[in-house]
Amino acid sequence: KQEVTQIPAALSVPEGENLVLNCSFTDSAIYNLQWFRQDPGKGLTSLLLIQSSQREQTSGRLNASLDKSSGRSTLYIAASQPGDSATYLCAVRRGNTGTASKLTFGTGTRLQVTL
Amino acid sequence: GAVVSQHPSWVICKSGTSVKIECRSLDFQATTMFWYRQFPKQSLMLMATSNEGSKATYEQGVEKDKFLINHASLTLSTLTVTSAHPEDSSFYICSASGPQRPQHFGDGTRLSIL
Chain A
1 KQEVTQIPAA LSVPEGENLV LNCSFTDSAI YNLQWFRQDP GKGLTSLLLI
51 QSSQREQTSG RLNASLDKSS GRSTLYIAAS QPGDSATYLC AVRRGNTGTA
101 SKLTFGTGTR LQVTL
Chain B
1001 GAVVSQHPSW VICKSGTSVK IECRSLDFQA TTMFWYRQFP KQSLMLMATS
1051 NEGSKATYEQ GVEKDKFLIN HASLTLSTLT VTSAHPEDSS FYICSASGPQ
1101 RPQHFGDGTR LSIL
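Quick mapping for you: the protein sequence lines, in order, are chains A and B. Our numbering puts the first sequence at residues 1 to 115. Our numbering puts the second sequence at residues 1001 to 1114.
Extracted from the complex, chain A is given alone in its bound form (with noise of 0.2 angstroms):
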């Protein structure tokens, strides 16, 4: 049974710091892995999607790495602003298809950025 773990599971920095965040998964059998972001009482935001044959992916101030055959990935935020304040959930998927295209979350890791 695939188990993600994400690590620290909160942190708190101050404005304009680079920061990682680090996911864990267990079965490295992975299709790709996915970072989300989650305000309070909302639903997810995609930020990142990171094919298994990936190693990384970039998207603004965020930029996602794959290690497949360890079973990591780390999320680097430069620059941090207070409006990145949230939780941040990886998910890995197992295929493409039907179930197997189901989403493994993390625990996930909640991000504040003061002033």
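If you're looking for bench data, these hints aren't it; they were derived computationally from the structure. Just so you know, these numbers come straight off a predicted model, no measurement behind them. Even for Gly, the Cβ is constructed at its ideal location relative to N, Cα and C. Among the clues, some could well be false.
[Unchecked claim] No more than 27 angstroms apart at the CA atoms, straight line, and that leaves these computed lysine-lysine pairs for DSS-like:
{"no.": "1", "chain 1": "B", "residue 1": "1020", "chain 2": "A", "residue 2": "42"}
{"no.": "2", "chain 1": "B", "residue 1": "1041", "chain 2": "B", "residue 2": "1066"}
{"no.": "3", "chain 1": "B", "residue 1": "1055", "chain 2": "A", "residue 2": "1"}
{"no.": "4", "chain 1": "B", "residue 1": "1014", "chain 2": "A", "residue 2": "1"}
{"no.": "5", "chain 1": "A", "residue 1": "1", "chain 2": "A", "residue 2": "68"}
{"no.": "6", "chain 1": "B", "residue 1": "1066", "chain 2": "A", "residue 2": "68"}
{"no.": "7", "chain 1": "A", "residue 1": "1", "chain 2": "B", "residue 2": "1066"}
{"no.": "8", "chain 1": "A", "residue 1": "42", "chain 2": "B", "residue 2": "1066"}
[Claimed, not checked] Covered by chain B, according to a simulated footprint, are these stretches of chain A (three or more residues, beta-carbon under 8 angstroms):
{"no.": "9", "segment": "12 to 18"}
{"no.": "10", "segment": "47 to 58"}
[Said to hold, decoys possible] Short, incomplete list of chain A residues facing chain B, as computed with Cβ under 10 angstroms:
{"no.": "11", "residue": "4"}
{"no.": "12", "residue": "22"}
{"no.": "13", "residue": "85"}
{"no.": "14", "residue": "89"}
Once you have looked at the hints, place chain B on chain A.
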């Protein structure tokens, strides 16, 4: 704009009643829909996977008679919480995917059972 619409966003009801939550894909055919449950400050736990026109596949520990899922069309799936009790209070989120389309998530439904 949103590609998956979930309704209602918030519902409060008495213990013993049944509650229906709708999940609609707005601009694509959702061959597969997923229903997740999220407790406060916890991650999302998959409840069931539904493919259009067939019975849903429930995750271990999820009561299929308690959480009825219908996916009768390519744009609509419903989750009915039958005879709801306070322990069913949670945040329920659906997602939808289709051919060559990644999963898109609804905004969630906060269910409070009194």
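To see whether the hints hold, each was checked on the structure:
1. 1020(B) with 42(A): Between residue 1020(B) and residue 42(A) the Cα gap is close to 19 angstroms, so the pair holds against 27 angstroms.
2. 1041(B) with 1066(B): holds, 24 angstroms
3. 1055(B) with 1(A): Cα-Cα ~23 angstroms, so holds.
4. 1014(B) with 1(A): violated, 37 angstroms
5. 1(A) with 68(A): holds, 16 angstroms
6. 1066(B) with 68(A): violated, 37 angstroms
7. 1(A) with 1066(B): holds, 24 angstroms
8. 42(A) with 1066(B): Within the cut-off at roughly 24 angstroms; holds.
9. 12 to 18: This one is violated; 0 residues, fewer than the three required, reach chain B with a Cβ under 8 angstroms.
10. 47 to 58: With 1 residues close enough to chain B, the hint is violated.
11. 4: holds, 8 angstroms
12. 22: Given a least distance of 15 angstroms, the restraint on residue 22(A) is violated.
13. 85: violated, 15 angstroms
14. 89: Cβ of residue 89(A) sits 6 angstroms from chain B, so the hint holds.
This entry does not satisfy hints 4, 6, 9, 10, 12, 13, going by the numbered hints stated previously.
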